[in-house]
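**Q** One letter stands for each residue in the lines below.
Number of protein chains: 2
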Amino acid sequence: MRIGGIAAYAPRFRITNRRISARLRMERMRVNRENRFKGLEQLDKKQEKVYKTSDRWIQRFIGFKERRFAADDEATIDLAARAANLLLEKTGIPAGDIDGVVFGTVTPSYLNSPPDSSLLQDRLGVSSSNGDQSPREFHCIDCSLACSTWVASLRHAYLLISTGAAKNIVVIGADKMSSTINWRDRAFATVLGDAGTATLCSVVPPEEDWFDRNNFWNWSRGSDGQVIVTPKGGSSQPVSSMDDITEYRNKLTMDGALVKERMVPLVGGPGIDAALQKAGWNMDMLDIAILHEANLVMNEDIINRWRKNGFKGQILTADGMFGNTTSATIPLAMALHGDQLQVGRRFLWFAFGGGLSAASVLGEIKHPIITTAEV
Amino acid sequence: MRIGGIAAYAPRFRITNRRISARLRMERMRVNRENRFKGLEQLDKKQEKVYKTSDRWIQRFIGFKERRFAADDEATIDLAARAANLLLEKTGIPAGDIDGVVFGTVTPSYLNSPPDSSLLQDRLGVSSSNGDQSPREFHCIDCSLACSTWVASLRHAYLLISTGAAKNIVVIGADKMSSTINWRDRAFATVLGDAGTATLCSVVPPEEDWFDRNNFWNWSRGSDGQVIVTPKGGSSQPVSSMDDITEYRNKLTMDGALVKERMVPLVGGPGIDAALQKAGWNMDMLDIAILHEANLVMNEDIINRWRKNGFKGQILTADGMFGNTTSATIPLAMALHGDQLQVGRRFLWFAFGGGLSAASVLGEIKHPIITTAEV
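Heads up: the protein sequence lines correspond to chains X and V, in order.
Per my numbering, residue 11 is the first one in the first sequence, and the count goes up by one each step.
Per my numbering, residue 11 is the first one in the second sequence, and the count goes up by one each step.
There's no promise every hint is true.
[What the hints assert, rightly or not] Footprint (simulated), chain V over chain X, 3 or more residues, beta carbon under 8 Å:
#1 81–90
#2 130–144
#3 173–183
#4 225–236
#5 253–262
#6 362–376
Rather than coming from a laboratory, the hints here were simulated on the basis of the structure.
Computed from a predicted model, the values in this text were never measured in an experiment.
Just so it is clear, CB atoms sit at the ideal spot from N, CA and C, and this is done for glycine as well.
Can you build the whole structure from these sequences, using the hints too?
**A** Shown next, in the form of structure tokens:
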């Protein structure tokens, strides 16, 4: 499998750190006003803390400068369709040559049905019948694995293509994370952003394959599932009251300290060791690495550990300008830095987070790649 | 790949057709009472129609006798964990031999995070580390494709196993569909039920493979996405008001007539023709067929078309006793009729529905299979 092109789209609406802090402050005032109205006590210092942040705090502890928010009427499918159509346009591949869509997202446009992958088939203009009116085969699947979604989705495409089941697959990494923000908790409010990406995966002869099946590595620790969780809205606890909504119980929560405690040592040490060992690679073979951009300061910790163990490569990021776009972070960093993706360079893409989960892939760029970002 | 075992679990709580009609009647009265309170008109005859049903009507037009509903504190992960632990117990495979979980569901336990596949790793007691404390590789992915979810998930397992990436994968098909019912519309209220299934997929030498990559066939028609849809609760329209909840806008809706109009001719004719042709099979080679059990009367239409075209096999169903359990229907029918799964029999599993989507697979049973149902 080769990657022929990567397209990214981010909504125009820029949200600065200053604006995030103002929004949290407004929420704090609202809570105090409501408490007064209900005859309850005002928030105490400790309770107020989760509403307090600033541009300086966010830049220092997270490393993000700004992020983009989609419009109210712009869903995950719209972010993805914009990126996917851009991909087709720039790579010149006709929609009729696409054999399927692997749609990676943690914020599906619809609960239950319809799947975003089916919707995208329509948005790409791929017909459901052949010329003779027989049903046209088309592979759709929606995949999700929290922050590791994109690498897990890419692997599904790799399995389809490397077994000859498909020639061209569009892998989506798209999330409208703004729809998941709990404005009464700075943990995710300070980091999340929206973006859509589309990656063209195409068949090549085995000797030109960028990947190998041993280049994919996966890890999970389900006992830490509650570290990053949306308490309500799933089948475990459906949204059932107005309080669920006003108190953001159907929005994401995170124990940030525990995420760091668990993931930094893993990804910084035995995780990357296991991934490299499985593939038979060494740290010094890596020319480029991209980490899931959850928190640039935490990633810096991980990279420092790598450097101590011989990593000499270059790190690509979205420069802290888009926040944590979950399923979009890794392809977004590539779309923004296409000039760094030269033939001959070896790369590592490492995603990790909710689940807890981790998914990584190693590869070598063997063909020129078309990148484009409408941001 | 072979299938070593299939386990199914359904909650104890039996819901008869009579009870469904009573629940819909109660809802109709509630709406009229609310309308009176608000000074609005009572429901007219046409509006009342969607609340009216009976045991006779459901048996005649849908073919279901009863279904099971999970308890409030029983989520999709609980249905799946029960089935998966039963699977391990009956097949005798140690948890430590499982390389991964492909979790097929349209009702994930949590929105966004954590993924059910990670949670199941923990519920199975699979460790996240090896004996030497290095991180243990484990493959997790949550897959979704509306009513075609289970076949799409099975395919992911097939790709992992047939490429040597994994030896033993547990494929889950589990749904708590009762959490998606709109009690102001009989369309889905009369059909949906809850169940969890777990299927053990294991590596075998190529000559013993039950499947072939050409045995999988997929189709999609995203332009019909709105035929089966949950209007609110996804990233396109988050739940935002109490009315969204009381008026069930975050629950499933279906244009049943259009589903039939689109799917019966497709699955009954060119769909199965395309699936057979791709695999190089003929209709008369099929010993057993299982259709996604959305509606037994509609399925009868499809099967009649098949019989006219030479199908002479046996149909397995869940006998209308469990309703439409979405991702669980096909493995549930097998778990209930394990005595029919003799070595040498060739089968077709055909799923279709929301998206619109269809996914089918052909295979031959080449090893004894252990089935168990706790229902």
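**Q** Closer than 8 Å, Cβ to Cβ, for at least three residues: run that test on the stretch 173–183 of chain X against chain V and report holds or violated.
**A** holds (count 3)
**Q** Are three or more residues of the stretch 253–262 of chain X within 8 Å, CB to CB, of chain V?
**A** holds (count 3)
**Q** Quick check: the stretch 225–236 of chain X, covered by chain V? Criterion 3+ residues, Cβ under 8 Å.
**A** holds (count 10)
**Q** Okay, the stretch 81–90 of chain X and chain V, do three or more residues pass the C-beta test at under 8 Å?
**A** It holds, with 3 qualifying residues against the three required.
**Q** Can you take a look at whether the stretch 362–376 of chain X is actually covered by chain V? Rule is 3+ residues, C-beta closer than 8 Å.
**A** holds (count 6)
**Q** Examine the stretch 130–144 of chain X: at least three residues should have C-beta closer than 8 Å to a C-beta of chain V.
**A** n = 7 at 8 Å, threshold three: holds.
This entry satisfies every hint, going by the numbered hints stated previously.
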